[in-house]
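Could you build all of it, start to finish, from the sequences and the hints given here?
Going down the list, the protein sequences come from chains A and B.
All letters in the first sequence, in the order written, are residues 2 to 261 by my numbering.
All letters in the second sequence, in the order written, are residues 345 to 748 by my numbering.
A hint or two may mislead.
Stated by the list, open to error - Okay, derived cross-link-like pairs now, BS3-like style, lysine-lysine, Cα gap no bigger than 30 Å in a straight line: (1) A:Lys11 to A:Lys187; (2) B:Lys607 to B:Lys689; (3) A:Lys165 to B:Lys644; (4) A:Lys11 to B:Lys518; (5) B:Lys644 to B:Lys582; (6) A:Lys187 to B:Lys644; (7) B:Lys688 to B:Lys613; (8) B:Lys613 to B:Lys671; (9) A:Lys90 to A:Lys11; (10) A:Lys168 to A:Lys11; (11) B:Lys644 to A:Lys168; (12) B:Lys688 to B:Lys607; (13) A:Lys21 to A:Lys90; (14) B:Lys689 to B:Lys671; (15) B:Lys505 to A:Lys187; (16) B:Lys671 to B:Lys644; (17) B:Lys518 to A:Lys187; (18) A:Lys165 to A:Lys21.
Claimed, not checked - If we take Cβ atoms under 7 Å as the criterion, some of the chain B residues that face chain A in the derived model are: (19) Asn486; (20) Asn488; (21) Ala490; (22) Asp630; (23) Pro635; (24) Gly636.
To be verified - Chain B side only, calculated, beta carbon under 10 Å to chain A, not exhaustive: (25) Thr374; (26) Trp483; (27) Pro489; (28) Tyr491; (29) Gly629; (30) Arg640; (31) Lys644.
Hints are computed from structural coordinates only; laboratory data are not their basis.
In this text, a Cβ means the ideal position worked out from N, Cα and C, and glycines have one as well.
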Amino acid sequence: MTAYEEHFVKVAGANTHFLKGGRGQPLVMLHSIEGNLGWRRYHAQLAEHFTIYAPTCPGFGQSERPPWLETFADLARFSLWLLDELDLKNVTLAGHFMGGWLAAEMAVMSPHSLDGLILIDAAGIQPQQGEITDIFLHGLQGTRQLAYFDLQQIPEYEELFADKPSKEEREVRARNQETVVRYCWKPYMFSPSLPGLLGRVHVPTLIVWGQDDQIVPLECGELYQQAIPGSRLEILPQCGNCPPLEKPDEFTKLVRNFLT
Amino acid sequence: MFLMRFTERAYVDYSEEDVRQSFRSSVRLTFSNSHFDPALGADLYNAYLDEYEYAEEVGFDGLMLNEHHNTPTCMGAAMNLEAAILARTTKRAKLVLLGNPLPIFDNPLRLAEELAEIDMISRGRLVSGFVRGTGIESWATNTNPAYNRERFQEAHDLIIKTWTTPGPFRWEGKHYQFRVVNPFVRPLQQPHPPIWVPGVGSPETLIWCARHHYPYIYLETDPQVTLDLTEIYTEAAKEAGYEPGPQNFGYLVRVHVQDTDEKAYEVGKGFLIGNAGVGRVPLPGDFMAPPGYNSREGAKRIVDQYKRYSLRPDPLYGGVDSAGWEKVVESNRVIVGNPDTVIKKLREVLSVVRPGILGVWTNDGTIGHADTMRCLALMEHDVLPALQEMGKELDLPGPFEQAP
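Quick look at the structure:
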């Protein structure tokens with residue numbers, strides 16, 4: 002597995018955790034509601050071609066949250082500051098579900114900071130037909146069942162889900178959940194203005210969606226494609242809300258093809 | 345001792361199986377309102393109001409109401425309306441609202457006005473309780489649980505200022521902003537109606553109450569847990585410069601009286617269609633306490649205290665009957681019996697918990713109107729006079745006898 006390092010950087014006075022590994026042009030990958038799940042197979046595969054940055058958002062895991070940071074828009078501003086602190090210019094930004102929404106908000110706030118955008122089963126746009134599944138209402142277990150097409154096809158299933166979480170892991174999980182509630186409770190997982198703002202995003206954009214996503218309907222991927230000029234939508238069959246975990250090989254191939 | 349009567353005003357026509365079939369088998373939040381028949385609801389609301397009026401007749405000092413949302417276990421979704429009716433149809437008893445869930449109100453000024461009206465119409469009989477609400481209230485009103493405590497405290501501060509500071513003034517808070525705070529009607533009681541706070545033991549709430557001299561009403565907490573929680577309040581009160589007494593504490597317990605122990609034991613089983621999960625069907629924990637609703641410290645403490653007393657018959661969200669009805673009754677978590685039995689059991693509880701306010705939860709679930717009226721009648725002649733004597737004997741002054 003490609004080597005990686007663990008770092009902390011101060012952003013607005015808040016200790017911010019991130020993983021870094023690989024070589025080549027920078028690719029920043031923003032996590033979803035579970036927080037930073039560590040250096041995963043898809044990171045390692047992509048690190049053979051790119052320098053991967055996997056930050057932990059404020060309020061999740063080991064990253065502090067400045068007390069004033071309470072809205073999703075401020076989370077996006079903070080995350081742009083993180084890019085500044087890491088001296089990352091002209092990066093490609095990728096994000097999954099909540100992290101995809103975050104990447105989209107950062108792109109509309111500062112389109113000139115980015116060279117590319119990858120949105121993976123991203124929240125952020127209100128569907129016109131269906132609904133974004135209420136993960137809070139379904140609870141952790143219920144959400145996990147809905148999040149994957151088939152839990153057993155996750156190559157890292159044993160590492161990720163087989164063991165009962167330790168007390169420390171449960172504590173981190175509780176903190177992560179509280180942070181998601183703080184940022185995303187209402188409106189739930191979308192910003193009404195985002196579709197209107199996305200028209201100014203002129204960077205190359207790849208949209209990846211699990212065909213069987215039961216959390217964010219595929220319709221949202223289509224809405225993203227319509228809103229972002231020149232963007233491309235790739236659909237992975239027999240895959241749920243988490244292509245990087247459920248179909249890592251297919252996912253990383255799409256990303257490599259997009260970036261090279 | 346201050347004696348108040350309580351019922352949650354339950355809707356009754358559903359089964360444990362209906363609850364099992366609901367989303368995540370929850371009796372609250374997601375139990376479909378397709379189970380509700382408004383014609384039966386009309387009968388029930390009127391019967392419950394009759395019972396409260398009769399409770400005043402039989403000698404209770406207070407009529408306690410509460411508010412919950414999205415649940416058949418409590419039809420008091422608009423508690424202040426019921427209080428307004430009782431303000432006019434009763435004459436003596438205090439109207440004890442435990443309480444208005446402050447965080448779910450986007451306009452606390454409207455609440456300040458409603459409560460002022462109730463206080464005036466009742467000619468100064470309002471006890472205005474404030475609560476954070478359970479997590480269900482946050483879900484039902486889509487109020488972000490991460491800000492529950494902040495909103496509770498800010499709404500409280502705004503309402504108290506509205507009642508006590510001549511308007512107009514401006515309020516620019518974090519969660520509430522008002523250009524012109526100047527509701528014309530103000531409460532009759534000065535400087536404002538008494539504030540009581542019920543709960544199950546969030547340490548932050550206990551400390552906050554102690555600092556404000558607000559009585560804290562324990563809602564069916566395990567007696568041993570209650571003593572531990574009282575220590576938290578007492579310590580904070582001492583830091584604030586005073587020694588709290590029974591007048592600072594209340595205790596709510598389910599009590600059902602019938603002519604014989606046998607009948608009370610059978611009728612009392614109606615409580616098992618209860619608010620903390622029906623029968624042995626638990627409530628989903630994250631419905632009652634969604635992420636962010638409790639502080640990490642508070643959440644840990646609540647879980648720890650329930651673990652330490654694992655024999656208690658009503659584990660967290662386990663369903664009222666999770667330990668079996670016999671054990672529930674044996675351990676005085678629900679008190680049923682003839683008047684003598686109930687007096688004896690309440691003496692055991694009061695001697696340990698030592699509250700100056702006793703909430704007597706006479707009926708709920710499937711306990712019917714006729715049995716409830718009989719229960720209240722038996723309380724008039726035997727139980728309430730004995731409890732008043734017991735309060736004197738055990739030196740348990742209520743908050744209207746001694747200032748908290």
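Here's how the hints hold up against the structure:
1. Using a Cα cut-off of 30 Å, the hinted pair A:Lys11 and A:Lys187 holds, with the two alpha carbons roughly 29 Å apart.
2. For the proposed pair B:Lys607 and B:Lys689, the alpha carbon gap of about 17 Å is at most 30 Å, so the pair holds.
3. Restraint check: the Cα-Cα separation between A:Lys165 and B:Lys644 comes to about 19 Å, which is no more than 30 Å; the hinted pair holds.
4. A threshold of 30 Å between alpha carbons decides the hint, and for A:Lys11 with B:Lys518 the separation of about 27 Å falls inside it, so the pair holds.
5. Proximity of B:Lys644 to B:Lys582 is assessed by CA-CA distance (about 25 Å); at most 30 Å being required, the pair is judged to hold.
6. For the hint linking A:Lys187 to B:Lys644, the alpha-carbon distance of about 26 Å falls within 30 Å, and the restraint holds.
7. Restraint check: the Cα-Cα separation between B:Lys688 and B:Lys613 comes to about 20 Å, which is no more than 30 Å; the hinted pair holds.
8. For the suggested pair B:Lys613 and B:Lys671, the alpha carbons sit about 12 Å apart, so the restraint of at most 30 Å is met.
9. The straight-line distance between the Cα atoms of A:Lys90 and A:Lys11 is roughly 18 Å, inside the 30 Å bound, and the hint therefore holds.
10. Distance restraint check for A:Lys168 and A:Lys11: the Cα-Cα separation of roughly 28 Å lies within the 30 Å cut-off, and the hinted pair is therefore satisfied.
11. Of the supplied pair hints, the one linking B:Lys644 and A:Lys168 holds, its CA atoms being roughly 12 Å apart against a limit of 30 Å.
12. Only pairs whose Cα atoms come within 30 Å are accepted, and B:Lys688 paired with B:Lys607 is accepted, the gap being roughly 17 Å.
13. Pair hint A:Lys21 plus A:Lys90 holds up; C-alpha atoms about 16 Å apart against a cutoff of 30 Å.
14. Straight-line distance between C-alpha atoms of B:Lys689 and B:Lys671 comes to about 14 Å, which keeps the hinted pair within the 30 Å bound.
15. As the CA atoms of B:Lys505 and A:Lys187 are separated by approximately 29 Å, the hinted pair is consistent with the 30 Å bound.
16. Taken as a hint, the B:Lys671 and B:Lys644 pair is honoured in the structure, with Cα atoms around 27 Å apart against an allowance of 30 Å.
17. Only pairs whose Cα atoms come within 30 Å are accepted, and B:Lys518 paired with A:Lys187 is accepted, the gap being roughly 17 Å.
18. Between A:Lys165 and A:Lys21, the direct Cα distance comes to roughly 28 Å. Compliance with the 30 Å bound is thereby established for this hinted pair.
19. Against a cut-off of 7 Å between C-beta atoms, the interface hint on B:Asn486 holds, since the closest Cβ of chain A lies about 6 Å away.
20. A least Cβ separation of about 4 Å between B:Asn488 and chain A falls short of the 7 Å threshold, and the interface hint therefore holds.
21. The beta carbon of B:Ala490 is positioned within 7 Å of a beta carbon in chain A (closest approach about 4 Å), and the interface hint is therefore held.
22. At its closest, the beta carbon of B:Asp630 sits 5 Å from a beta carbon of chain A; the interface hint therefore holds under the 7 Å criterion.
23. Because the beta carbon of B:Pro635 sits about 4 Å from the nearest beta carbon in chain A, less than 7 Å, this interface hint is met.
24. Given hint, B:Gly636 at the interface with chain A, holds; its Cβ is 4 Å from that chain's nearest Cβ, closer than 7 Å.
25. Interface restraint check: B:Thr374 against chain A, minimum CB-CB distance 8 Å, threshold 10 Å, status holds.
26. Contact between B:Trp483 and chain A, as hinted, is supported at the beta carbon level, the nearest pair being about 8 Å apart and thus within 10 Å.
27. Taken as an interface hint, B:Pro489 checks out: its beta carbon lies about 6 Å from the nearest beta carbon of chain A, inside 10 Å.
28. Satisfaction of the interface hint for B:Tyr491 is found here, the shortest Cβ-Cβ separation to chain A being roughly 8 Å, below the 10 Å cut-off.
29. With a cut of 10 Å, the hint placing B:Gly629 at the interface with chain A holds, because the nearest CB-to-CB distance is about 9 Å.
30. For B:Arg640, the suggested interface contact is upheld, since its CB lies about 7 Å from the closest CB of chain A, less than 10 Å.
31. Interface restraint check for B:Lys644: the shortest CB-CB distance to chain A comes to about 9 Å, inside 10 Å, so the restraint holds.
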